[in-house]
Amino acid sequence: NAGVTQTPKFRILKIGQSMTLQCTQDMNHNYMYWYRQDPGMGLKLIYYSVGAGITDKGEVPNGYNVSRSTTEDFPLRLELAAPSQTSVYFCASSGVDEQFFGPGTRLTVL
Amino acid sequence: RKEVEQDPGPFNVPEGATVAFNCTYSNSASQSFFWYRQDCRKEPKLLMSVYSSGNEDGRFTAQLNRASQYISLLIRDSKLSDSATYLCVVNSHTDKLIFGTGTRLQVFP
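Residue numbers (our numbering), protein chains in the order written: chain A, 71 to 180; chain B, 72 to 180.
If you are wondering where the hints come from, they were derived from the structure by calculation, not from laboratory data. Don't take each hint at face value.
To be verified - Simulated pairs of lysine-lysine, BS3-like, Cα-Cα distance not exceeding 25 Å: (1) 127(A) / 116(B); (2) 167(B) / 114(A); (3) 73(B) / 127(A); (4) 113(B) / 114(A).
Unchecked claim - One side only, chain B facing chain A, incomplete, derived with CB under 7 Å: (5) 114; (6) 115; (7) 117; (8) 170; (9) 171; (10) 172.
Only a predicted model underlies this, so the values are computations on that prediction, with no experimental measurement involved. All residues carry an ideal CB built from backbone N, CA and C; glycine is no exception.
So here's chain A without its partners, still in its complex pose (with noise of 0.2 Å):
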């Protein structure tokens, strides 16, 4: 079992382009999570899954986009890089409690 994996590591944009940061588990897991975490703060809830087709709003959705085609697959889209979403993004996935979180996708927008 990898887990959740996300790509890529890292990445440097530049303000305006687009990107799109992939996650994927091998767990059968229903839920499925998209955070952001800035310096110093807690971790923010962008999209969430409850399974393949359905997707949800969290937090701070604005700026970006997912799909469920998949049980295993949860991309997020980021259309218009800014500098405000310079970032590390965290992809998780859950069962019925423990959410398992990827290593994570480090954004930079300059």
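Since chain A is already given, all that's left is putting chain B on it; use the hints.
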């Protein structure tokens, strides 16, 4: 009031010391409580769940006080490897998990 509040620390303690963290939460209807550990520049990992009856796992003890709406984490006989940030996590009224900003622990020799 924040949904989950923690003292950010840092707590600087010598090896072998006992240290305790508290965390308060605002939603009296919350049913699920956890402590996660996050090492520097790494992802959070579940340390332990917090049950109404408390929970003990080796040197770690977690307690829940529903009346006062706080949970606590006690670490006995601190090790250098315990140095990390400890995140308090509570489920919200919409059943999503809310993460505290974390309490940083630094154990020194």
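Outcome of the hint check:
Between the alpha carbons of residue 127(A) and residue 116(B) the distance comes to roughly 23 Å, so the proposed pair stays at or under 25 Å and holds. As the CA atoms of residue 167(B) and residue 114(A) are separated by approximately 11 Å, the hinted pair is consistent with the 25 Å bound. As the CA atoms of residue 73(B) and residue 127(A) are separated by approximately 20 Å, the hinted pair is consistent with the 25 Å bound. With a C-alpha separation of about 16 Å, the suggested pair residue 113(B) and residue 114(A) falls inside the 25 Å cut-off, and the hint holds.
Annotation: interface hint on residue 114(B) holds; nearest CB of chain A at approximately 4 Å, less than 7 Å. Hint status for residue 115(B): holds, given a least beta-carbon distance of 5 Å to chain A, under 7 Å. Interface restraint check: residue 117(B) against chain A, minimum CB-CB distance 5 Å, threshold 7 Å, status holds. Taking 7 Å as the C-beta cut-off, the interface hint given for residue 170(B) holds, the closest approach to chain A being about 4 Å.
At its closest, the beta carbon of residue 171(B) sits 6 Å from a beta carbon of chain A; the interface hint therefore holds under the 7 Å criterion. Interface hint at residue 172(B): satisfied, since its Cβ lies 4 Å from the closest Cβ of chain A, which is below the 7 Å cut-off.
Hint violations for this structure: none, all hints satisfied.
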